[in-house]
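These protein sequence lines are chains S and A, in that order. Under our numbering, the first residue of the first sequence carries the number 1, and numbering increases by one thereafter. Under our numbering, the first residue of the second sequence carries the number 1, and numbering increases by one thereafter.
These aren't lab readings, by the way, just hints derived from the structure by calculation. A couple of the hints might just be wrong.
Which copy? The list can't say, so a pair holds if one copy fits it or any two copies do.
[Said to hold, decoys possible] When the alpha-carbon atoms are kept at most 25 Å apart in a straight line, the in silico SDA-like pairs for lysine to any residue are as follows:
| # | residue 1 | residue 2 |
| --- | --- | --- |
| 1 | 98 | 19 |
| 2 | 193 | 155 |
| 3 | 98 | 276 |
| 4 | 98 | 269 |
| 5 | 98 | 62 |
| 6 | 98 | 74 |
| 7 | 98 | 63 |
| 8 | 98 | 20 |
| 9 | 98 | 160 |
2 protein chains.
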Amino acid sequence: MRVLAIHERSVPISRYQDPVLPSGGLTTSIVAIETDATRDGRTVVGYGFASIGRFAQGGLIRERFAPRLLAADPRDYTDGDGNLDPSRAWTVMMRGEKPGGHGERCVAVGTLDMALWDAAAKAGGLPLHRFLAESLGGRARPMPAVPVYAGGGYPYPQDDVARLGDEMRRLADLGYSRAKIKIGSAPLAQDVKRIDAAQRALPHGGALAVDAMNAYALDEALEAAAALSPLGLWWLEDVCDPLAFDELSAVAAAYPRPIAAGEALFSVAEAKLLDQHGGLRRDRDILLFDPAHCYGLPGYLRIVEALEASGWPRAAFWPHGGHLFTLHVAAALGLGGAEVNPLCFRPFGGLSDGAAPMGGRAAPPESAGIGFETRAELAALFRSLG
Amino acid sequence: MRVLAIHERSVPISRYQDPVLPSGGLTTSIVAIETDATRDGRTVVGYGFASIGRFAQGGLIRERFAPRLLAADPRDYTDGDGNLDPSRAWTVMMRGEKPGGHGERCVAVGTLDMALWDAAAKAGGLPLHRFLAESLGGRARPMPAVPVYAGGGYPYPQDDVARLGDEMRRLADLGYSRAKIKIGSAPLAQDVKRIDAAQRALPHGGALAVDAMNAYALDEALEAAAALSPLGLWWLEDVCDPLAFDELSAVAAAYPRPIAAGEALFSVAEAKLLDQHGGLRRDRDILLFDPAHCYGLPGYLRIVEALEASGWPRAAFWPHGGHLFTLHVAAALGLGGAEVNPLCFRPFGGLSDGAAPMGGRAAPPESAGIGFETRAELAALFRSLG
Numbered sequence: 001m002r003v004l005a006i007h008e009r010s011v012p013i014s015r016y017q018d019p020v021l022p023s024g025g026l027t028t029s030i031v032a033i034e035t036d037a038t039r040d041g042r043t044v045v046g047y048g049f050a051s052i053g054r055f056a057q058g059g060l061i062r063e064r065f066a067p068r069l070l071a072a073d074p075r076d077y078t079d080g081d082g083n084l085d086p087s088r089a090w091t092v093m094m095r096g097e098k099p100g101g102h103g104e105r106c107v108a109v110g111t112l113d114m115a116l117w118d119a120a121a122k123a124g125g126l127p128l129h130r131f132l133a134e135s136l137g138g139r140a141r142p143m144p145a146v147p148v149y150a151g152g153g154y155p156y157p158q159d160d161v162a163r164l165g166d167e168m169r170r171l172a173d174l175g176y177s178r179a180k181i182k183i184g185s186a187p188l189a190q191d192v193k194r195i196d197a198a199q200r201a202l203p204h205g206g207a208l209a210v211d212a213m214n215a216y217a218l219d220e221a222l223e224a225a226a227a228l229s230p231l232g233l234w235w236l237e238d239v240c241d242p243l244a245f246d247e248l249s250a251v252a253a254a255y256p257r258p259i260a261a262g263e264a265l266f267s268v269a270e271a272k273l274l275d276q277h278g279g280l281r282r283d284r285d286i287l288l289f290d291p292a293h294c295y296g297l298p299g300y301l302r303i304v305e306a307l308e309a310s311g312w313p314r315a316a317f318w319p320h321g322g323h324l325f326t327l328h329v330a331a332a333l334g335l336g337g338a339e340v341n342p343l344c345f346r347p348f349g350g351l352s353d354g355a356a357p358m359g360g361r362a363a364p365p366e367s368a369g370i371g372f373e374t375r376a377e378l379a380a381l382f383r384s385l386g
Numbered sequence: 001m002r003v004l005a006i007h008e009r010s011v012p013i014s015r016y017q018d019p020v021l022p023s024g025g026l027t028t029s030i031v032a033i034e035t036d037a038t039r040d041g042r043t044v045v046g047y048g049f050a051s052i053g054r055f056a057q058g059g060l061i062r063e064r065f066a067p068r069l070l071a072a073d074p075r076d077y078t079d080g081d082g083n084l085d086p087s088r089a090w091t092v093m094m095r096g097e098k099p100g101g102h103g104e105r106c107v108a109v110g111t112l113d114m115a116l117w118d119a120a121a122k123a124g125g126l127p128l129h130r131f132l133a134e135s136l137g138g139r140a141r142p143m144p145a146v147p148v149y150a151g152g153g154y155p156y157p158q159d160d161v162a163r164l165g166d167e168m169r170r171l172a173d174l175g176y177s178r179a180k181i182k183i184g185s186a187p188l189a190q191d192v193k194r195i196d197a198a199q200r201a202l203p204h205g206g207a208l209a210v211d212a213m214n215a216y217a218l219d220e221a222l223e224a225a226a227a228l229s230p231l232g233l234w235w236l237e238d239v240c241d242p243l244a245f246d247e248l249s250a251v252a253a254a255y256p257r258p259i260a261a262g263e264a265l266f267s268v269a270e271a272k273l274l275d276q277h278g279g280l281r282r283d284r285d286i287l288l289f290d291p292a293h294c295y296g297l298p299g300y301l302r303i304v305e306a307l308e309a310s311g312w313p314r315a316a317f318w319p320h321g322g323h324l325f326t327l328h329v330a331a332a333l334g335l336g337g338a339e340v341n342p343l344c345f346r347p348f349g350g351l352s353d354g355a356a357p358m359g360g361r362a363a364p365p366e367s368a369g370i371g372f373e374t375r376a377e378l379a380a381l382f383r384s385l386g
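Put together the whole structure using the sequences plus the hints.
This is how it looks when you write it as structure tokens:
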């Protein structure tokens with residue numbers, strides 16, 4: 001099996017369902033990896049995309065990582081039977097990369113890695129979660145359906161609290177009893193109002209997490225921790241700079257309920273530092289590392305296994321991302337759960353068209369590969385890559 | 001003063017003077033920032049380049065950072081008199097960037113930042129080190145000439161020890177009594193032979209540092225520390241993964257002579273972690289942060305000032321890079337010294353054509369800007385950007 005061509009394009013994305021609202025000029029990269037394999041009479045093409053919430057990586061993909069794959073001997077990225085082996089392809093992409101500097105390139109590699117897994121699972125005729133369970137062997141812990149929550153709740157420039165309540169009711173109607181909203185950009189008193197409105201809008205028995213998007217300085221983080229402690233939040237996320245582990249540790253000492261961290265850490269080296277110096281508690285805290293941002297699944301597996309070796313349960317991992325790829329990964333590895341973005345980052349976030357969580361869980365699609373084709377708008381976007 | 005156009009191109013670079021030797025496919029980006037200012041009848045154009053030792057950043061420059069500068073209102077990147085203010089331009093470039101993920105983009109921003117300082121100093125009719133001393137005011141500590149050492153000593157695929165000795169003698173002939181060579185890719189016994197050959201080739205009273213290029217696992221690092229302790233090395237650099245601070249700390253506890261670190265850390269957040277957890281000793285150890293890799297001079301200043309506030313002397317800073325920009329920065333800030341790459345990373349490394357260190361020190365050029373024009377081959381390369 002051979003990689004014949006890699007197509008790539010940058011596309012805008014938005015935090016909001018309403019395309020009129022400005023969203024910081026966010027972009028992402030879409031890629032299609034064309035192979036010489038066929039399955040059921042069709043050429044196997046793998047699809048992937050880059051960051052949800054940061055920026056496209058077209059330059060690094062075109063100039064550094066795709067050329068390494070295209071120039072490689074196919075024996076370097078296939079297994080003994082000639083099938084595409086994404087773990088070996090990952091080693092090809094990382095040739096000559098230096099230690100340190102875990103930003104941007106980790107997303108570029110993760111983008112291509114996602115498409116490589118899609119292609120490999122399609123060629124094998126399996127949905128990705130089953131393909132992973134087979135190919136990872138004892139490293140997998142397959143489960144049929146994944147606990148999920150809905151991500152969203154970005155501040156609205158107008159009628160913020162009312163629109164946030166509407167959004168949460170919409171998510172509840174879609175079957176989500178657990179959700180996460182953003183805080184940290186408004187004054188704390190306003191964020192407490194937002195939290196109250198969101199909690200009221202979710203169904204009885206639901207849970208609300210909040211994400212401060214790394215906005216707080218230490219004093220603000222401690223003030224927020226004190227104000228939010230009594231509110232019964234599911235978790236408090238990204239309270240300070242992602243590498244300010246002493247600050248995170250101080251917040252953890254002051255905030256008894258769960259804290260979530262790791263969305264903006266991209267390597268096993270940073271994950272170990274978080275574990276060693278972040279003051280997190282293995283009995284309750286949440287790890288958000290995003291497989292697509294952490295050099296793809298091979299990089300993510302290193303993080304999961306390094307932290308597992310130091311005593312973290314897999315149930316602590318709830319990967320950021322909110323799309324079908326993370327759902328497959330969570331199902332195959334037996335993680336705590338996964339984010340789903342039903343309304344934002346369209347057309348990338350969310351489950352298959354028409355699918356909804358049942359009893360707080362969602363199953364990944366059973367079509368071959370990741371199943372991006374089960375989302376009509378996303379499938380059309382990928383097909384436009386040619 | 002207004003930025004009119006930004007030109008950019010990727011070019012190959014080599015660790016070796018001999019262009020035949022393979023050098024890992026390294027590349028760098030060159031940029032020219034064209035302004036509407038004139039000085040002495042000529043348009044002011046600022047020049048910069050990216051990584052020395054990693055890869056080009058053309059995609060991030062073209063797709064993310066140059067467009068922000070070009071789209072900005074000039075009042076956002078000029079001072080009250082309408083002169084280009086690189087610190088304000090830096091804020092424009094960093095608009096919307098998220099915390100965390102300090103790789104690649106830090107070099108892309110640093111590349112443009114270098115060219116912005118070149119343009120600003122040229123427009124002011126001053127060599128950069130004097131322009132910085134004026135514009136930074138009390139944050140500067142100007143000194144007329146900078147202690148320097150020659151970087152080089154990469155392993156040769158054939159006749160390694162003999163060619164290394166020749167290279168060190170060549171550096172000594174060029175006026176360098178201090179040099180640094182690479183270790184870590186050969187077995188330790190071979191590296192000890194290389195060190196011995198290099199030390200013998202340097203003049204009496206010289207000093208040799210060694211750079212392990214982050215190659216060692218902990219047990220290898222401790223073994224190397226034990227073997228190298230008696231050799232009287234100036235410093236031992238980059239002994240393990242740049243973020244493995246517990247490993248670095250173990251090496252520091254076992255190695256009494258100076259240790260150097262920080263070349264592969266790119267942000268003030270990582271610098272603080274190195275300081276807090278790396279076990280380094282403020283009375284002897286060396287900090288290698290590279291201004292062009294750490295989001296440019298504004299990012300580098302944050303690192304210098306954060307570590308100074310925690311007790312580090314400026315004399316501990318010996319920035320990586322080996323070119324004229326770092327020489328100006330070291331002269332303006334009163335740092336310990338600077339690397340110079342007289343033979344490698346041509347045409348970027350080294351002093352002005354014909355210049356040589358005197359008594360272990362080198363002065364930055366006195367032409368306006370960084371003075372890349374004092375290097376004929378480099379000036380021609382920049383001019384080719386059009």
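Checked hints:
1. 98 / 19: between (40 Å within a copy, 22 Å between copies)
2. 193 / 155: within (12 Å within a copy, 63 Å between copies)
3. 98 / 276: The answer is both: 23 Å in one copy and 24 Å across copies each meet 25 Å.
4. 98 / 269: For residue 98 and residue 269, both the intra-copy (13 Å) and inter-copy (20 Å) Cα distances are at most 25 Å.
5. 98 / 62: both (19 Å within a copy, 23 Å between copies)
6. 98 / 74: within (24 Å within a copy, 37 Å between copies)
7. 98 / 63: Both. Shortest intra-copy (17 Å) and inter-copy (23 Å) distances satisfy the 25 Å Cα cut-off.
8. 98 / 20: between (41 Å within a copy, 22 Å between copies)
9. 98 / 160: Close across copies (23 Å), not inside one copy (45 Å); limit 25 Å.
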